[in-house]
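Keeping their order, the protein sequence lines are chains A and B.
Quick note: the first sequence, position 188, residue 810 per our numbering, numbers continuous.
Quick note: the second sequence, position 200, residue 877 per our numbering, numbers continuous.
Keep in mind the hints are simulated off the structure, nothing from the lab.
Heads up, the beta-carbon is just placed ideally off N, CA and C, and yes, glycines get one too.
Hints may be right or wrong, so weigh each one.
Claimed, not checked - So the derived label-pair ranges between C-beta atoms look like this:
hint, chain 1, residue 1, chain 2, residue 2, range
1, A, Phe902, B, Ser729, 24 to 34 Å
2, B, Val821, A, Gln935, 15 to 25 Å
3, B, Val821, A, Lys814, 48 to 58 Å
4, B, Phe822, A, Lys814, 48 to 58 Å
5, B, Thr686, A, Glu911, 43 to 53 Å
6, B, Lys810, A, Asp733, 34 to 44 Å
7, A, Phe902, B, Gln883, 28 to 38 Å
What the hints assert, rightly or not - In silico DSS-like cross-links for lysine-lysine, where the CA-CA straight-line distance does not exceed 30 Å:
hint, chain 1, residue 1, chain 2, residue 2
8, A, Lys882, B, Lys872
9, B, Lys872, B, Lys800
10, B, Lys800, A, Lys916
11, B, Lys872, A, Lys892
12, B, Lys771, A, Lys937
13, B, Lys861, A, Lys892
14, A, Lys882, B, Lys770
15, A, Lys892, B, Lys800
16, B, Lys771, A, Lys890
17, A, Lys937, B, Lys872
18, A, Lys771, A, Lys717
19, B, Lys861, A, Lys916
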Amino acid sequence: MKSIQNYKLTVNNWCLVQKKIAITALVPPELIFACRGEPFDVNNIIPGSKKYPRNKLCAWTAIWQEMLSKREIDIDFLIVVAGGDCHNALVDGQKVAMSGIPTHFFFYPFDGDPDYLESQLYKLSDFLGNVGSPEKPGQIRELKKLGQKIDKKRADGKISAGDAFRIMISFSDLMGDLDKFKKVISSTEERKIDMGNRVALIGVPPIFHDFHDVAQALGLAVVFDELPFEFIRHSGNDIPGIARDYCNYTFARPLDFRIKFLQEELEKRKVDGVIHYTQFACHHMLEDEIMRLKLDYPMLTIQGDLPGNTPEQIKLRLEAFRELLERS
Amino acid sequence: MIGLDVGSTTAKKVSIEDGEIKYKITGTHNWKDLVTGIGGNEIISTGYFRNSVPHRASVTEITAAIYGVRHYFPDADVIVDIGGQDTKIIDVKKNNFTINDKCSAGTGAFLEFVANYFKIELKEMGSFHSRAKRIPAINNTCGVFALSEMISQLVAGYTREEVIAGMHYAFARRISFMIPEAQKLVLIGGTVKNKGMLSALENILQKEVLVPDEPQIVNALGALKYYC
Ligand code: SF4
């Protein structure tokens, strides 16, 4: 934790000289950068983690909760996405707050009301010390265009699903550094990918760090990643603009809204099948039967628990799913 | 050409000679005994260790089960494969499958534990079941709770036979939750030789459940049929 001396007081607000802002899910990075913050998505470290958290439901929240509370991740502030996302995060976020890290709870509107989201963004901006770099959202918009190109190229078989996923998932915090991130994006290697079966990956991202590469090696090319696609899809130049766009963040909205969006996207990408990833002890698992009912594609549901390599039991399911797609 | 199914507890070899199915079964770790004199080029493998044994082609147990069951029951629409470590439910008509390997309550390991507790052979469980006069209610959601309940029911005065029947019902109920609507339901895997479990399942589902003559070799046969 940085001490209070690290912050300087401006006319009527705390303005932070340097602040690392941890986020637990999608918080418009446009606003964090504009407030001169350096966002850091705490989920970045989970898939590679070897931790066995003590008090756990979902391993994603349990691991970041433990690491933040024990100061094993160096951050200054925490923003917990609570409303419209994850109740495990809401509770684990409060545990972190009780450990002494200044924490803000951010709520998306279930009904997509942009005025509500705007008021949430103003509160967040107050928490972060207000906008000091208004040019950042424009720069992020340009980067997101590059992200959309990456997404398209992988759907066209020019970039591997693993490479595309790693870039897209990083759009939640843009590695905390726009210039560095831009270099990483432009270094992405293009090569011809043997596409095999085209699958969409819906639900929260898998907790296994090698999932996309494993799926590809087993003949399943992921051409759509639901959540990372949300990371590159929304933008906005100022708070009202960000509110108008991010209020359609599908994960926070009712299921029929999200499903309609998925139906259109899957159709566009000509997928052969859908993989629904679910996380142990996550409420999104309850959505599985609805997804199966509404999405008219062969569907494989898998569940992960602890981070690491894709386990053999999951590989068996992927292989059987490929065989199934080849039979249909 | 042979079909070789090397699973978590047993290995099975199947060949078809003059239209007749020949098979051999051994423990997983003795799988090599099944293939003496047979080159990898003549093996179509399936099962948990399908990629660890020499093979010309390999296929998952799910696809192998579909091809193997088709040999016995061409119009089966749902297949339930109860293995030692997992249970697979294959909806052949809808081309869909689910695998339970998280909870032992729905796998062969659960009944094995019961047999071990009573120091009896797995294959004796069916005849114990048939001698039960009453069937105690046993929690069906969690293997661990069901096992402690089993002991409570013994304390409450139920006989060993009755508690075993109760455990078969607990097991069958657990499996039944995973089974979709089916006209023709086929059960395969070693566990289905247990008549007590089978009758519990038929009772719960209120329908006949079909079992091939040699339910254990279906996947090895299926691997062979898939390729040939
Ligand atoms: S996987 Fe589910 S429970 Fe875990 S953090 Fe994500 S939304 Fe929350």
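For each hint, the structure was consulted:
1. A/Phe902 - B/Ser729: 24 to 34 Å: 28 Å, holds
2. B/Val821 - A/Gln935: 15 to 25 Å: 20 Å, holds
3. B/Val821 - A/Lys814: 48 to 58 Å: 51 Å, holds
4. B/Phe822 - A/Lys814: 48 to 58 Å: 54 Å, holds
5. B/Thr686 - A/Glu911: 43 to 53 Å: 32 Å, violated
6. B/Lys810 - A/Asp733: 34 to 44 Å: Given range 34 to 44 Å: violated, Cβ gap about 60 Å.
7. A/Phe902 - B/Gln883: 28 to 38 Å: Once the Cβ atoms are compared, 33 Å apart, the range 28 to 38 Å for B/Gln883 and A/Phe902 holds.
8. A/Lys882 - B/Lys872: The hint is violated at about 48 Å.
9. B/Lys872 - B/Lys800: 9 Å, holds
10. B/Lys800 - A/Lys916: Answer violated: B/Lys800 to A/Lys916 is near 44 Å, above 30 Å.
11. B/Lys872 - A/Lys892: Measuring from Cα to Cα gives roughly 47 Å; hence the hint is violated.
12. B/Lys771 - A/Lys937: Since the Cα atoms of B/Lys771 and A/Lys937 sit roughly 22 Å apart, the hinted pair holds (cutoff 30 Å).
13. B/Lys861 - A/Lys892: 34 Å, violated
14. A/Lys882 - B/Lys770: This hinted pair holds, its Cα atoms lying about 27 Å apart.
15. A/Lys892 - B/Lys800: 50 Å, violated
16. B/Lys771 - A/Lys890: 24 Å, holds
17. A/Lys937 - B/Lys872: 33 Å, violated
18. A/Lys771 - A/Lys717: This hinted pair is violated, its Cα atoms lying about 39 Å apart.
19. B/Lys861 - A/Lys916: Holds, because 26 Å separates the two Cα atoms, which is no more than 30 Å.
Consistency note: the structure conflicts with the earlier hints numbered 5, 6, 8, 10, 11, 13, 15, 17, 18.
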